[in-house]
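Peer 1: Here is what each chain is made of, one letter per residue.
Number of protein chains: 4
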Amino acid sequence: MRTGVWLLGARGSVAVTSVLGALAVRAGLAEPTGCVLETPGLRSDALPGIGELVFGGHDISSIPLEKKAAALAEAGIVPAPLAAAVRDALSEVERDVRPLPAGDTQAEVADAIGADLHRFRRRHRLERVVVINVSSTEPAPPPHPAHADLDALRAALDGPEPVLPPSALAAYAALSAGCPYVDFTPSTGARLPALETLAEREGLPYGGHDGKTGETLVKSVLAPMFALRNLKVRTWSGTNLLGGGDGANLADPAANAAKSASKQRVLGETLGYVPQGDTRIDFVEDLDDFKTAWDLISFEGFLGTRMRMEFTWHGCDSALAAPLILDLARLTAAAHRAGRTGPLTELAFFFKDPLGKVPHGLAEQWQALRAAVDALGSPGEGR
Amino acid sequence: MRTGVWLLGARGSVAVTSVLGALAVRAGLAEPTGCVLETPGLRSDALPGIGELVFGGHDISSIPLEKKAAALAEAGIVPAPLAAAVRDALSEVERDVRPLPAGDTQAEVADAIGADLHRFRRRHRLERVVVINVSSTEPAPPPHPAHADLDALRAALDGPEPVLPPSALAAYAALSAGCPYVDFTPSTGARLPALETLAEREGLPYGGHDGKTGETLVKSVLAPMFALRNLKVRTWSGTNLLGGGDGANLADPAANAAKSASKQRVLGETLGYVPQGDTRIDFVEDLDDFKTAWDLISFEGFLGTRMRMEFTWHGCDSALAAPLILDLARLTAAAHRAGRTGPLTELAFFFKDPLGKVPHGLAEQWQALRAAVDALGSPGEGR
Amino acid sequence: MRTGVWLLGARGSVAVTSVLGALAVRAGLAEPTGCVLETPGLRSDALPGIGELVFGGHDISSIPLEKKAAALAEAGIVPAPLAAAVRDALSEVERDVRPLPAGDTQAEVADAIGADLHRFRRRHRLERVVVINVSSTEPAPPPHPAHADLDALRAALDGPEPVLPPSALAAYAALSAGCPYVDFTPSTGARLPALETLAEREGLPYGGHDGKTGETLVKSVLAPMFALRNLKVRTWSGTNLLGGGDGANLADPAANAAKSASKQRVLGETLGYVPQGDTRIDFVEDLDDFKTAWDLISFEGFLGTRMRMEFTWHGCDSALAAPLILDLARLTAAAHRAGRTGPLTELAFFFKDPLGKVPHGLAEQWQALRAAVDALGSPGEGR
Amino acid sequence: MRTGVWLLGARGSVAVTSVLGALAVRAGLAEPTGCVLETPGLRSDALPGIGELVFGGHDISSIPLEKKAAALAEAGIVPAPLAAAVRDALSEVERDVRPLPAGDTQAEVADAIGADLHRFRRRHRLERVVVINVSSTEPAPPPHPAHADLDALRAALDGPEPVLPPSALAAYAALSAGCPYVDFTPSTGARLPALETLAEREGLPYGGHDGKTGETLVKSVLAPMFALRNLKVRTWSGTNLLGGGDGANLADPAANAAKSASKQRVLGETLGYVPQGDTRIDFVEDLDDFKTAWDLISFEGFLGTRMRMEFTWHGCDSALAAPLILDLARLTAAAHRAGRTGPLTELAFFFKDPLGKVPHGLAEQWQALRAAVDALGSPGEGR
Ligand SMILES: NC(=O)c1ccc[n+]([C@@H]2O[C@H](COP(=O)([O-])OP(=O)(O)OC[C@H]3O[C@@H](n4cnc5c(N)ncnc54)[C@H](O)[C@@H]3O)[C@@H](O)[C@H]2O)c1
Ligand SMILES: NC(=O)c1ccc[n+]([C@@H]2O[C@H](COP(=O)([O-])OP(=O)(O)OC[C@H]3O[C@@H](n4cnc5c(N)ncnc54)[C@H](O)[C@@H]3O)[C@@H](O)[C@H]2O)c1
Ligand SMILES: NC(=O)c1ccc[n+]([C@@H]2O[C@H](COP(=O)([O-])OP(=O)(O)OC[C@H]3O[C@@H](n4cnc5c(N)ncnc54)[C@H](O)[C@@H]3O)[C@@H](O)[C@H]2O)c1
Ligand SMILES: NC(=O)c1ccc[n+]([C@@H]2O[C@H](COP(=O)([O-])OP(=O)(O)OC[C@H]3O[C@@H](n4cnc5c(N)ncnc54)[C@H](O)[C@@H]3O)[C@@H](O)[C@H]2O)c1
Ligand code: NA
Ligand code: NA
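If you read the sequences in order, they're chains A, B, C and D.
What the first sequence shows, in this note's numbering, is residues 261 to 643, in sequence order.
What the second sequence shows, in this note's numbering, is residues 261 to 643, in sequence order.
What the third sequence shows, in this note's numbering, is residues 261 to 643, in sequence order.
What the fourth sequence shows, in this note's numbering, is residues 261 to 643, in sequence order.
No lab work stands behind these hints: they were computed from the structure.
A couple of the hints might just be wrong.
The list treats identical chains as one, so a pair stands whether inside a single copy or across any two.
Below, in silico cross-link-like pairs of lysine to aspartate or glutamate (DMTMM-like), each with a Cα-Cα straight-line distance of 25 Å or less [as the list claims (entries may be wrong)]:
{"#": "1", "residue 1": "492", "residue 2": "291"}
{"#": "2", "residue 1": "492", "residue 2": "305"}
{"#": "3", "residue 1": "327", "residue 2": "352"}
{"#": "4", "residue 1": "327", "residue 2": "546"}
{"#": "5", "residue 1": "492", "residue 2": "542"}
{"#": "6", "residue 1": "492", "residue 2": "546"}
{"#": "7", "residue 1": "492", "residue 2": "545"}
{"#": "8", "residue 1": "617", "residue 2": "542"}
{"#": "9", "residue 1": "617", "residue 2": "538"}
{"#": "10", "residue 1": "617", "residue 2": "356"}
{"#": "11", "residue 1": "492", "residue 2": "298"}
{"#": "12", "residue 1": "492", "residue 2": "512"}
{"#": "13", "residue 1": "492", "residue 2": "356"}
{"#": "14", "residue 1": "492", "residue 2": "538"}
{"#": "15", "residue 1": "492", "residue 2": "387"}
{"#": "16", "residue 1": "492", "residue 2": "624"}
Bound conformation, chain A alone (with noise of 0.2 Å):
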């Protein structure tokens, strides 16, 4: 079940600490910690195994591997001694790791993308090949009329202006070359109507939004906590101080919009009404890819006491989103082999802004997880 993983942004962090991980965990220097089909209430014949991962992405960095997995060590983030043991498999993943292409139309760029996952895939004899965004997050799109027809895109894209933003374009390109897409960002992605009904057409599957690591993790248990003691969240606030790349970027206020929004909506799904306070997101440089989140929840009790808890989250992203790539990857592509087409909505386990309705306290999203993987049966079974 050889298994391609094409990551878009393959030289970010998350990205490298994923396919370093899983470098080392096949070379058994490192346990696969965080992630989640190693549980053993999830393990299962039907996934391909980590070692049987194959990565290979675009990105609009040139920066190389090596030196990326060199400052992820220097941070802190991954072990320096991790990083040297695994140097040379990291340069043969170089080799699959090629610039974002470019183009007169938008069509012609979703054409090079395509190209350029049939040759990965050709060139390492893969079943299939999964394509996980983990590029930087983008603002969000102007409308466009073409966004909700395929047909109406299509002519679109070969027009000279840009229809889709980046991520949507890649998206259109993954699920015309038959591959699986999946978004671990707040972008776009394949989440557009006219996307939808050609991942229909190619009988695919796809996932997102926004993978859930830190303080929308701890809310989707909290939250619930709450709702099942029948306590009233008055107020929920929260602070997020981040660095690294991804900080960098949402210091843009677009980007940023886009990320609170998602962060806040587990506390309406889960307590049925919307406390007061915000979520903030800051930049702050120095914490590099270490973030550390605070919340304060007042809330009521019986008689209308007024109670309080806070809590500090001081995570390392790309540490917690790492395996949880790893994860994904093998659902999708074992979900693909299924046979599954549209949204994997058994995926909200892993994401702030999971796509379709599903529940959004993390104790039912696991259950249907694990509802999913007995469901994928054995391996056997698949196409």
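Once you have looked at the hints, place chains B, C and D with the ligands on chain A.
Peer 2: Frame of chain A, contents of chains B, C and D with the ligands only:
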């Protein structure tokens, strides 16, 4: 479905907040915030209404309920206008709060307790009486051979030496009088083989132990989060600062030890291993019934990266406990009515140290609770 | 030494808490907790007593003091029995709280303000009147050439266009009427060259800016700690969540910017460099007058080791500000009496953004304050 | 001004970080961050330079310095490249680290310690040797009449029974050998009347106790803040979680008690009263040399309003202590040179439990320190 609720420790903070709150809800003066049976997923006609509960109890203190209510209002635990509004209703309850009986042998004391229960039931024409222990936490009792055998126990109770701690004697008396027994404290209660036999013989249900209202409640959602995400918890250290009568009592090392142990159980059960760190309980008179708990969790992610989380919980213990007392009374009454006997494992949702082999994650506990409520069916089906 | 205290914003939370508290202290019903002039190191006969203060003021709101006092009691900012006990005394003060005068030109408004001050002084036979601004924070005004020159200012005030923001107009009126002026807000107040000239010509002292009652107070001791220990602060990020009238007003970005800036000044001044990170102020209505501030400090020690500190401050802003208003009134009155003119730099202890070249560490500010109190000498020495 | 620094506990974390750091600073490889004598206000020619310090010491462990340095690097306490860069210089120091002498009587041990000190001084042609105790914290010793009288002590030391705890025996030996003695631990050290007499007779200065590097440092600025602002602290509860050798040792209740007591002293001294609450120290091996302290402060403001503050401190103990060891060595050497004798009260800035009647607020302690540095005058003036 007029249901008696007999509170051991009826003059304590939890008891008086429960009674006062039930009276206020019945009078339409307060919302049942914090009562989990009032959430959409758990509402059921098979349960007695809050307005159908009739209160009485034992205590060793003689401070009038009204005076305790005033003290609770002064301390900001219940609103002063509410305490004033239910004053008359409260003094009616006063008539059913009796001094804990004394006697030459524990058998005599048990008989006197039973007589009080019968009188209470008759006086108010109650369908049944549920006994709930909300008295001060006891030190763990010395082991005694009679604890293991009902006949030996009956013989021993006739002797001059006390053989049961107060909570277990009350459980013995309750069960002997045909009343289900629930223990909201970490004390022994019905948790002795001899009493389990008694409950079985009498066809009675029982429940416990140790209401889950603060730090452990939060643990019961956070620990599963780490487990589901395959993150390795290295340290989980907790400090609980609390005042009030319960805090003063826990300043006694023996009572403290019983409590601290039951607070750590959730970690081993949900994580599958016990991380480093202890749970401390410190008495700080000044904090009164408001507890501040602080927990530090250090954990390890992908490739061994170290991360941390802390939380602070500022809760009002009685305001958190009281609505659960109402829930427990209603659930246990309905279970009794439905012919249930033995340990009510579906009550695990409410307890730090639940009876039986049960899940320790809050979400699974809720599902067990919901299944039990569903199984109660319609009120007509009971005996 | 009967001293008038004229409050701009006399119907606001800070003002009413100050007046109510002074009345309660005078009546022997409350301790002067939070009044720094009541500590052993600063007590002095040269200062008017709290009981010698007589209150009046302007406001644009017409909500009665008594009603405001009831709202403060309801919100837990002042004790309800205390508010009840001083109700009569408070309604006497009501007679000296007047609507902010209007007029065709700002000169007319200033004259009317001055007339109100004279009337207040005469009516109560006051030795002097200190004007203190506790009204809503203004946005920073657009610059105007007349701000730099007293004669030009006087001419401009006669024109039809407003040239001064309300706080500066009040300062102009106060100084013209022979009254010292203190600004507890970050607004302009007397901080214009033309007004500095006016104070000098009239031989009057003035003080400000922006009462230091929470996060900045803590910063003013923690930042020196890092500096004295030669630890390098890398990041200092703060979040302030507050409700109340002040919070609602600060939801306006312009007022917010003025405040945030004055909250960061202490870092540059005490550390000698400005670390990364911002100070945020967010309005959360639910928190009312209780503010929660959270700060993250990341610092570097010997050989570059990275460390962190966080603090959370849950303060009641008006309860923290009110005793300082009494201190400021007494100090400024005594300084005036002693013939002091110009900026009272010894008041830096009280302010986030103090006037003049002053120390920013709290301990040094206290020493400057103490020296000034000592220098006041005995009351007989004044003019 | 070549100055010897003889470290008791020379193979411990604090000692090795100090030595390694001094070597790195001397080699121009590191900044003296955390060394307070390198701040503008305290720099002085009367002090020996960091590069002029020569290290040696005693330990009961035989783990090589280099190996300890590697362990510190592994744990993230010192940078690995720095440890590598000073490896040769460190093995030179190794030659002056000797096993703690043994003997039939304590007098013999003291003589052997003295002989080691003389040899060290001669071998490196040092002007003087300062002895600093950074060995494991001892339990408080049982009282003994000989502690009160130097002659009785000398007689008792010749007996077969130990009469002094190790730290006091080392102090005795140091002072007898003409060396000033400083105790960075809470152990007894020179704090016995007999040893005070000895210091006086020998004309030697001494200092201590218990380096102030974390929670108590923060307390020494926050407690004065509350005092200066006349806010009444009701509760101050602290929890310290620490690993490392020091943490393991403090898991022993006797050592723990000594330490906890010295951590609370600052509150009584700066507030003028002792609030409720305790300071706890818990050993959590996993945290290694990184300590997490959490403190809850509840206080009362104007009219009794209740407020709260919490802080969390994540410090690396050895990185905080090591630069202070260099400061203490330099200050004590210069004081000795200047002819100072008896307790060096100006060192209060460095200690949790300072000798003599001294201020406990950090700012005042700094001023005392500065005055002492100024008084040292120019190096020519010494003896
Ligand atoms: N780490 C987490 O916990 C987490 C959680 C949720 C979402 N995310 C999202 O994952 C993404 C990656 O995060 P990161 O920390 O690796 O960021 P990063 O800045 O380190 O990496 C982003 C990479 O994307 C590349 N890139 C930018 N535009 C591109 C384009 N159009 N096509 C291809 N490559 C492009 C950049 O050159 C860079 O190498 C971000 O969008 C982030 O918001 C991360
Ligand atoms: N409040 C919570 O959140 C919570 C959570 C879990 C468990 N609990 C437990 O609930 C119990 C009650 O808590 P509280 O805050 O009301 O305490 P409390 O001290 O206010 O009340 C205890 C009452 O029990 C009475 N009592 C003592 N011994 C008795 C006996 N032998 N028989 C009858 N009455 C007796 C006391 O006189 C007192 O009135 C405690 O054991 C506590 O540990 C409380
Ligand atoms: N409370 C603190 O700890 C603190 C600290 C520093 C500064 N301050 C400042 O003190 C001021 C008062 O705070 P508050 O909490 O009492 O606010 P508040 O909103 O309760 O009161 C402000 C009062 O000013 C009145 N007002 C508005 N414009 C006016 C004008 N032009 N002339 C006269 N009155 C006017 C309002 O009607 C209101 O009654 C604010 O500017 C605040 O930023 C407060
Ligand atoms: N690091 C800080 O921030 C800090 C602050 C205040 C006080 N202290 C004190 O400093 C001391 C050292 O701390 P550490 O973290 O280096 O501890 P550590 O355990 O790493 O080192 C202590 C060393 O002392 C040695 N030792 C034990 N008994 C001895 C004896 N009788 N004579 C000579 N050596 C002996 C041990 O073998 C060990 O090498 C402790 O007492 C600690 O309480 C440290
Ligand atoms: Na915290
Ligand atoms: Na906190």
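Peer 1: Does each hint hold? Answer for all of them.
Peer 2: Each hint tested on the structure:
1. 492 <-> 291: Classified as between; 11 Å across copies, 41 Å inside a copy.
2. 492 <-> 305: Intra 44 Å, inter 24 Å, cutoff 25 Å: inter-copy only.
3. 327 <-> 352: within (14 Å within a copy, 37 Å between copies)
4. 327 <-> 546: within (20 Å within a copy, 31 Å between copies)
5. 492 <-> 542: Classified as between; 21 Å across copies, 28 Å inside a copy.
6. 492 <-> 546: Between. Shortest inter-copy distance 13 Å satisfies the 25 Å Cα cut-off; intra-copy 37 Å does not.
7. 492 <-> 545: between (36 Å within a copy, 16 Å between copies)
8. 617 <-> 542: neither (30 Å within a copy, 32 Å between copies)
9. 617 <-> 538: within (24 Å within a copy, 38 Å between copies)
10. 617 <-> 356: neither (37 Å within a copy, 52 Å between copies)
11. 492 <-> 298: between (36 Å within a copy, 13 Å between copies)
12. 492 <-> 512: Neither way: residue 492 and residue 512 sit 34 Å apart in one copy and 28 Å across, limit 25 Å.
13. 492 <-> 356: Result: close neither inside a copy nor across copies, 52 Å intra and 33 Å inter.
14. 492 <-> 538: Within one copy only: 17 Å inside a chain, 30 Å across chains, cut-off 25 Å.
15. 492 <-> 387: Neither: 50 Å inside a copy, 33 Å across copies.
16. 492 <-> 624: both (21 Å within a copy, 21 Å between copies)
Violation of the numbered hints given earlier is confined to hints 8, 10, 12, 13 and 15; the remaining hints are satisfied by the structure.
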